[in-house]
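Peer 1: Read off the chains here:
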Amino acid sequence: MSAVPDIALSLRHVSKSFFGLQVVTDVSFDVLRGQRTALIGPNGAGKTTVFNLVSGAFGVDQGEILLDGTNIAPLSPGKRATMGLARSFQNIRLMPHLSVVENVMVGQHARTRGLMDLLTPLWLPRNRVWREEAEAQLRAFGLETYPNEVTANLPYGIRKKIEVVRALMSHPKVLLLDEPAAGLNTRETAELKDFLLDVAERGVTLLVVEHDMSLVRSLCDHTVVLNFGRKIYDGPTAEVQNDPGVLEAYLGPRHDAA
Amino acid sequence: MTGYLGGMLVILSLNIILAYAVFLPVATGQLNLGGAAFQAVGAYTAGILSAEYDAPVIVSLFAGAAVSGVISFVLALSILRTKGVYLVLATFAFAQFVSGVIINVDLLGGALGMNVPDHIDGPIIAVAAVVILLLVMLLMQARFGLAMRAIHDDDVVAGLMGIEVRITRVAAFTIGGVLAGIAGGLYAFYFNFIEVQSFDSLSSVYLLLFVLLGGTQTVWGPLVGAAFFTVVPELFRYVVAHLPVGHAASTGQLDTSWRFIILGAITVLMMVWRPEGVVTRTGLGRLLHRRVEKQA
Numbered sequence: 000m001s002a003v004p005d006i007a008l009s010l011r012h013v014s015k016s017f018f019g020l021q022v023v024t025d026v027s028f029d030v031l032r033g034q035r036t037a038l039i040g041p042n043g044a045g046k047t048t049v050f051n052l053v054s055g056a057f058g059v060d061q062g063e064i065l066l067d068g069t070n071i072a073p074l075s076p077g078k079r080a081t082m083g084l085a086r087s088f089q090n091i092r093l094m095p096h097l098s099v100v101e102n103v104m105v106g107q108h109a110r111t112r113g114l115m116d117l118l119t120p121l122w123l124p125r126n127r128v129w130r131e132e133a134e135a136q137l138r139a140f141g142l143e144t145y146p147n148e149v150t151a152n153l154p155y156g157i158r159k160k161i162e163v164v165r166a167l168m169s170h171p172k173v174l175l176l177d178e179p180a181a182g183l184n185t186r187e188t189a190e191l192k193d194f195l196l197d198v199a200e201r202g203v204t205l206l207v208v209e210h211d212m213s214l215v216r217s218l219c220d221h222t223v224v225l226n227f228g229r230k231i232y233d234g235p236t237a238e239v240q241n242d243p244g245v246l247e248a249y250l251g252p253r254h255d256a257a
Numbered sequence: 000m001t002g003y004l005g006g007m008l009v010i011l012s013l014n015i016i017l018a019y020a021v022f023l024p025v026a027t028g029q030l031n032l033g034g035a036a037f038q039a040v041g042a043y044t045a046g047i048l049s050a051e052y053d054a055p056v057i058v059s060l061f062a063g064a065a066v067s068g069v070i071s072f073v074l075a076l077s078i079l080r081t082k083g084v085y086l087v088l089a090t091f092a093f094a095q096f097v098s099g100v101i102i103n104v105d106l107l108g109g110a111l112g113m114n115v116p117d118h119i120d121g122p123i124i125a126v127a128a129v130v131i132l133l134l135v136m137l138l139m140q141a142r143f144g145l146a147m148r149a150i151h152d153d154d155v156v157a158g159l160m161g162i163e164v165r166i167t168r169v170a171a172f173t174i175g176g177v178l179a180g181i182a183g184g185l186y187a188f189y190f191n192f193i194e195v196q197s198f199d200s201l202s203s204v205y206l207l208l209f210v211l212l213g214g215t216q217t218v219w220g221p222l223v224g225a226a227f228f229t230v231v232p233e234l235f236r237y238v239v240a241h242l243p244v245g246h247a248a249s250t251g252q253l254d255t256s257w258r259f260i261i262l263g264a265i266t267v268l269m270m271v272w273r274p275e276g277v278v279t280r281t282g283l284g285r286l287l288h289r290r291v292e293k294q295a
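Heads up: the protein sequence lines correspond to chains A and B, in order.
So for the first sequence, numbering that gives the first Met the number 0 puts the first residue at 0; every next one is plus one.
So for the second sequence, numbering that gives the first Met the number 0 puts the first residue at 0; every next one is plus one.
Don't read these hints as lab results, they were simulated from the structure.
Predicted, not measured: the structure shown is a model, and the values here were computed from it.
Heads up, some of the hints might be wrong.
In silico EDC-like links for lysine to aspartate or glutamate, alpha-carbon gap of 20 Å or less [stated by the list, open to error]: (1) A/K78 <-> B/E163; (2) A/K78 <-> A/D25; (3) A/K172 <-> A/E132; (4) A/K192 <-> A/E178; (5) A/K172 <-> A/D211; (6) A/K78 <-> B/E233; (7) A/K172 <-> A/D5; (8) B/K82 <-> B/E194; (9) A/K78 <-> B/D153.
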């Protein structure tokens, strides 16, 4: 399966338990390159755990996680970043004392090579490309207004976008988004959706954990649904609401007999 | 530049070097309350090599820096697993350990101290301080400095971005140890006498104060902190002596030891007024921004 070229990320029989409590059971699914895949499920379904297993916050008990065919499950989160996996955080985790452009430049770190990149001043001609690239990326997404502002002073919606831009700076093969619409109002969510579609159009594969079904419907073409740690749906987003298993998971079992 | 002003310049230069020695670990979020102990390691290493083995001054200085650096490295590997107050206690305990060794080893002169015959002049120390200041500035302007500041703000996310958090922290702590070792060697050769009291825990507290009150977010903070705590107490010595209040019976002057009380009050006020240090990024940004507007 892993030899099929258009699979960017693939989970193979992944299981995880905490203190004997089985949280994720034998979950397998593929994220196709260039696709926008949503991972949804009721509270406690295990979607955040799956997200953390993929990003490397926890190790898996069993199973494999293949990024471009390479099993990344035994690797540290930092190593996964250098292999082409990037993530955003549910509650924004920008460095508060760093400026916007410096935060974005932190995202480039996974692409640095050797001591010269690390120890020579960033204003040297050989290093100037880093800042120029960061500024260009901010411009590309309409965020060039405050490059030198400390991020703690910026509005929530802007910081959310900056965090995604930072994640893009590692040139990821797959970008994991942890509830990107959390804490945003309706207008900001709509803006974020356009922004993420823009990101995806530039060839980035998205895996999105999200509660907001309207965002999932308008953003993601493919959806995986988890319930009690097991996969119960894996198909087009358009049909997820007609799936009897998903309806039962969200609304409870039907009581036709009653 | 001799006498009082020359001596002040030397103390200021040493304090600046030491402030940057403490600043580097603090910039990665690691408080170091053992700065003076690393200085002591450098001072005694250089002193022994020079006094007992007739090593040239420059060799002794580098050896002091190297020994302090190696000890910092070994210490950092083990104690940088601890965080917050536990790290502060671990570095403090190390400082007590160093004091204990100095007092109890005869070769080091014990409580009587040790004479260091070779001498270096004040201007050399001032030049060393400027060179070290420039090197630290260059380091902080490199990606290594960016990584240090990123770790300070959020070590988990920094790790997820591919930054080697542990290596960066150990490196910053070790470079700090090297700088403190250099300051120690310079101290030994300038004053020609070293004793354990010169590197006590109060000195370590002061070094940390330089950095915390000066500001940890930019490379300018330690410079401002060290300069403030070196120069202002001396200014007060002059000011307090000329205050028209507190007529002490015979002299008609306030005792100059009042300057430490005033300094303490200022320290508390600074902590209330600027808890993140005098020099912050936001403040510096505003200052620079205003200058740009004026030019436009």
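Peer 1: Indicate, hint by hint, whether the structure satisfies it.
Peer 2: Going down the list of hints, with the structure as the test:
1. A/K78 <-> B/E163: 10 Å, holds
2. A/K78 <-> A/D25: Distance ~25 Å between A/K78 and A/D25 Cα, so the pair is violated.
3. A/K172 <-> A/E132: 18 Å, holds
4. A/K192 <-> A/E178: 12 Å, holds
5. A/K172 <-> A/D211: Not OK: A/K172 and A/D211 at ~25 Å, beyond 20 Å, violated.
6. A/K78 <-> B/E233: With a Cα-Cα distance of about 53 Å, the restraint between A/K78 and B/E233 is violated, given a limit of 20 Å.
7. A/K172 <-> A/D5: 12 Å, holds
8. B/K82 <-> B/E194: 31 Å, violated
9. A/K78 <-> B/D153: Holds. A/K78 to B/D153 sits at ~18 Å (cutoff 20 Å).
When held up to the earlier numbered hints, the structure conflicts with 2, 5, 6 and 8 and fits the remainder.
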